[in-house]
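Undergrad: Letter by letter, the chains look like this.
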Amino acid sequence: MKLVIIDYGAGNIKSIQFAFKRLGVEAVLSSDPDDIKNADKVIFPGVGEASSAMKMLKESSLDRIIPKLKQPVLGICLGMQLLCNHSEENATEGLGVFNVAVKRFSNQVKVPQMGWNTITNLKSDLFKSINDNAFMYSVHSYYAENCTEAIAVTNYEFDYASALQKDNFYGVQFHPEKSSLAGEQLLKNFLQL
Amino acid sequence: MLTKRIIPCLDIKNGRTVKGVNFVNLIDAGDPVELAKQYAEKGADELVFLDISATLEGRNTTLEMVLKVAEQVNIPFTVGGGISSIEDVDRLLKAGADKVSVNSSAIKRPELVNELSNKFGNQCITVAIDAKQIDGNWLVHLAGGSIPTKLNLFSWAKEVETRGAGEILFTSMNNDGTKAGFANKALARLSEELNIPIIASGGAGTIQHFIDTFKLGKSDAALAASVFHFGEIPIKQLKETLKENDIAVRL
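Each protein sequence line maps, in turn, to chains A and Z.
In short: position in the first sequence from 1, add 74, done, that's our numbering.
In short: position in the second sequence from 1, add 715, done, that's our numbering.
Since the hints were made in silico from the structure, they are not lab data.
Do not rely on the hints blindly, as some may be mistaken.
[To be verified] Partner residues aside, some chain Z positions facing chain A, computed with beta carbon under 8 Å:
(1) Ala755
(2) Asn789
(3) Ile790
(4) Asp813
(5) Asn837
(6) Glu882
(7) Ile911
(8) Pro912
Source: prediction; values computed, not measured.
For each residue, glycine too, the CB sits at the ideal point set by N, CA and C.
Given the sequences, and given the hints that come with them, work out the whole structure.
TA: Structure (structure tokens):
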């Protein structure tokens with residue numbers, strides 16, 4: 075199993091690497107297109123701000139490589155958001171894998187949403203052995219709208235897509251690497267896809 | 716529904732926990748990694764490590780500790796204490812910390828909050844505020860609460876929110892160490908005036924105090940040290956009681 079975490083300068087990669095290590099899998103950090111293309115599984119992480127992350131992807135031409143990948147790809151947090159069409163965060167064009175827009179929560183709720191919330195309407199093998207209403211840890215100010223590609227829904231202000239899937243592409247808004255046993259199960263499931 | 720967070724806080728010096736910790740089945744009560752793992756298993760939602768090392772060498776040892784915690788613990792954690800530059804934060808986040816907490820350095824140079832949130836995103840920047848109510852006025856204090864400033868708690872909190880803080884960790888010095896409950900009036904006002912999460916700190920003594928800070932204090936999270944370290948309040952029992960009181964928690 076060759077697992078590659080795309081390294082494009084967006085932080086918090088250590089936690090993901092450690093989470094896989096706890097599952098007995100060494101994840102390789104790489105920004106090399108050939109490494110990424112030849113991996114069995116790819117993790118697309120992301121923390122921070124959308125437009126600067128997109129800029130870093132473009133500088134390394136990864137914006138052209140990622141949407142063409144054929145193996146299972148898991149976008150986490152901002153990684154998931156960048157796989158969407160467009161983000162309201164500094165009017166950023168995304169990679170367009172998921173046909174959905176990313177918007178900001180209103181000031182009716184505290185922003186960022188920070189903490190543990192439930193996931194429901196689970197619709198994919200990514201959630202095998204994970205109960206409806208399992209808790210996952212999230213920190214985010216922007217969300218993907220609920221849509222046909224949603225494979226999990228979470229309620230904060232309203233229902234939004236907390237996980238997405240299209241073909242070999244998966245995305246989760248929450249941080250499985252920080253979500254205790256349920257998160258570990260999700261990463262295990264991803265490895266088995 | 717987003718749940719209320721329960722956050723044990725550990726004081727770290729030279730990579731070891733200090734102040735008393737009295738856990739059963741713990742081989743080494745000073746080992747932060749072991750403690751962090753136990754707290755994660757017992758249902759803590761998040762952890763805060765406060766580095767009180769005075770020397771650079773001590774801080775480097777703390778950095779090694781952060782790496783080990785990140786390696787072995789599957790819940791988020793924040794590191795605070797003596798952080799005053801982009802480089803400090805970069806090192807901590809690269810070692811695997813999820814968030815950092817700044818306090819005195821932000822008071823001395825408020826632009827630091829802008830710089831950190833621009834560079835790393837506001838989701839990982841917590842601003843800790845120690846304040847004391849003197850003659851009805853909540854005054855912010857520096858250096859672990861030892862030096863009073865002229866800053867008002869509410870205007871300072873609003874300012875750091877505007878500058879890009881992702882959440883506020885408010886410790887009431889009037890309540891800290893008293894075990895008589897959190898400063899719920901001030902907490903509720905912070906929650907009403909700000910639009911970022913507020914962590915209540917200082918005063919936890921009983922389970923009822925946690926119920927009160929979530930209901931009356933409108934807090935998003937509650938932090939405590941000794942009641943957890945000495946097993947006075949088991950986290951599972953705390954969360955079960957909160958749930959019975961219609962407070963959303965992760966069980």
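Undergrad: Which numbered hints are broken by the structure, listed smallest first?
TA: none
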